[in-house]
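Trainee: So the sequences go chain by chain: A and B.
In terms of our numbering, the first sequence opens at residue 1 and continues consecutively.
In terms of our numbering, the second sequence opens at residue 217 and continues consecutively.
Warning: the hint list may mix true and false statements.
Non-contacting residues of chain B with respect to chain A, defined by C-beta distances greater than 12 Å in every case (computed) [unchecked claim]: (1) 235; (2) 278; (3) 334; (4) 377; (5) 409; (6) 415; (7) 421; (8) 422; (9) 498; (10) 505; (11) 506; (12) 507; (13) 523; (14) 559; (15) 572.
Distance condition first, Cα-Cα at most 25 Å in a straight line; then the derived DSS-like pairs of lysine-lysine [claimed, not checked]: (16) B:271 with A:5; (17) B:414 with B:447; (18) A:129 with B:271; (19) A:201 with B:444; (20) B:271 with A:201; (21) B:519 with B:553; (22) A:57 with B:551; (23) B:435 with A:5; (24) B:435 with A:201.
Chain A is faced by these chain B residues, among others (derived, beta-carbon under 8 Å) [as the list claims (entries may be wrong)]: (25) 357; (26) 440; (27) 501; (28) 504.
None of these hints come from the bench; they were simulated from the model.
In this text, all values refer to a predicted model and were calculated from it rather than measured experimentally.
Just so it is clear, CB atoms sit at the ideal spot from N, CA and C, and this is done for glycine as well.
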Amino acid sequence: MDDNKYIVFALAKGRLAGQAMELLEKTGITCDEMKDKDTRKLVFVNEELKLKFFLAKATDVPTYVELGAADIGIVGLDTILEENRRVYEVLDLKMGKCRMCVCGPESAGELLKHRERIRVATKYPVIAKDYFFNTKHQTVDIIKLNGSVELGPIVGLSDCIVDIVETGSTLRENGLKVLEEIRDLSARVIVNQVSMRMQNKRITEIIDKMKAEIDQ
Amino acid sequence: MISQILHTPDGVRDIYGDELVLKNEIINKVYDTFHLNGFKDIETPTFEFFDVFSKDIGTIPSKELYKFFDKEGNTLVLRPDFTPSVARALAKYFKEEKGPLKFCYKGNTFINTSEYQGKLKETTQIGVEMVNENSIYADAQMICLVIDTLLAAGLEEFVVSIGDTEFFKGLCSEANITEEIELNLREYISSKNFYMMKEYLASNDINSDIIDQFGYFSKTYLEIEDLKNLKNLVKNKNAVKALDRLLLLKDILSKKGYDKYIAFDLSMLSKYHYYTGIIFKAYTYGVGDAIIKGGRYDNLLEKFGKSASAIGFVVLADELLTSIMRTGHRNVELKKKVLITFKEDYLKADAKALELRKSGIIADVIKEPSMNKDEFESYVEKGGYSEVITI
Chain A
1 MDDNKYIVFA LAKGRLAGQA MELLEKTGIT CDEMKDKDTR KLVFVNEELK LKFFLAKATD
61 VPTYVELGAA DIGIVGLDTI LEENRRVYEV LDLKMGKCRM CVCGPESAGE LLKHRERIRV
121 ATKYPVIAKD YFFNTKHQTV DIIKLNGSVE LGPIVGLSDC IVDIVETGST LRENGLKVLE
181 EIRDLSARVI VNQVSMRMQN KRITEIIDKM KAEIDQ
Chain B
217 MISQILHTPD GVRDIYGDEL VLKNEIINKV YDTFHLNGFK DIETPTFEFF DVFSKDIGTI
277 PSKELYKFFD KEGNTLVLRP DFTPSVARAL AKYFKEEKGP LKFCYKGNTF INTSEYQGKL
337 KETTQIGVEM VNENSIYADA QMICLVIDTL LAAGLEEFVV SIGDTEFFKG LCSEANITEE
397 IELNLREYIS SKNFYMMKEY LASNDINSDI IDQFGYFSKT YLEIEDLKNL KNLVKNKNAV
457 KALDRLLLLK DILSKKGYDK YIAFDLSMLS KYHYYTGIIF KAYTYGVGDA IIKGGRYDNL
517 LEKFGKSASA IGFVVLADEL LTSIMRTGHR NVELKKKVLI TFKEDYLKAD AKALELRKSG
577 IIADVIKEPS MNKDEFESYV EKGGYSEVIT I
């Protein structure tokens, strides 16, 4: 509706942001300010195209987008499912692919076959609870950890863990293995509900271009 | 202890001063528009029996309701939404009435949402409901009222997105979809997750013609051509009727010159299950959510014993207030405000104030406060007084 307004992107910090910017660059959207590794800026602007970019902790990206501080967000599906925010999920970027899995020592496999109560350590309590309650109908004690979740079964904190598995090498090194797969994950583009309507033309154009690039 | 007394619980807040003045101004403008359109006031209780808001009625999920018990053990609920309350009241007092009923209301609603989402749990809603009117003209009238209301509140840039729940329901029944699949689809469509929707439909062996029709959900701005194309593709009678309604609506609104404010979006499926026909939401800059929500609900009154069609909408006053504050669309004339201070002669100050008030000026009388010059100047400035009269 209004071409003078900025379209604001929130990108999940880390490798994903770099990959996403590469993809955007192919569609003609660039931000030279961001390439400067030493910069201390928080918000990067492309005046010509009226775009702004900022990097945020992955778990905060859906929040920025839901509340309209950013129009478009790029973040992993794991975060979207865990945060459960009201945003439009419009595109699968097919990058950052990995799986959400239940992992543990071989012996824990037996515990998953019954509906007996077990202890599960995870960074993703919402996803873990949903899986055990609604798919497996098993009662679980969920222990929220903030990092190095693999430690859980090793030091006897929990029977198993729910976590993201990319290559599985960390698991193997620690004598753990994938016991069950919950779902495939990848990076997604999310859009604020109001922006989708008020700035529909520009946002649709950006998304269509990204989609064309991915489909190639 | 004292620090606890100062705080309010999460999700509720104090509102005062200029912000409240602006909020009340907005509410009054909206309410005036409703009255000018022939709506009469109705006030329902703040809390009601649980059954009025139960799953069967189709309002918000039970876990998000504020519930408590009365002395007899009945479960009571703080209203999360006005529509079921008003529907109940109208079914009760106008059971035999066949002519159109038009009512408007304002008040606070309470939804126990999760913490830390930046959302209020107590919000002000101003709304209208029109009962016993099922024509397309009632639909058009309501959409026009939405637009007139927002214009009256001082907004210029906004979009009213219009969809029709019967279209989705029609497609689902055509495809013979189970309730579980329908629920999942609803989720994908309302979060505009169309690649997942397509995968999901394909994995459930839905035939490709139907999948193509579902593809139209992905557009946020459907053109007339899209609606016409879709009409040729769709076989389900109810879905076709829904498209006819939208086309007719478009025609009426275009002739009125209101088509610049509207957009057709079939993916709009409300989480309130009582909606049965057209459904609409208005959006503007400055807020992350809709500022008006509404639609047709022809089966709701029947649950309270009166079979009657109905349509209505609510203005979410807090969201509208935020938008107007952030985008600076405030266009109200402020009244002149004068401060009169006196040392001893209260009656003289009072007489002066009365004289000013008669000519519509706000006159505030205070005993000369014990402040130094700077403190007093800042007091005058904060109070927004244009003049100080010392008696």
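Trainee: Return the numbers of the hints above that this structure violates; sort them in rising order.
Mentor: Violated hints (numbers, rising): 3, 4, 5, 6, 9, 10, 11, 12, 16, 20, 21, 22, 25 and 26; every other hint is consistent with the structure.
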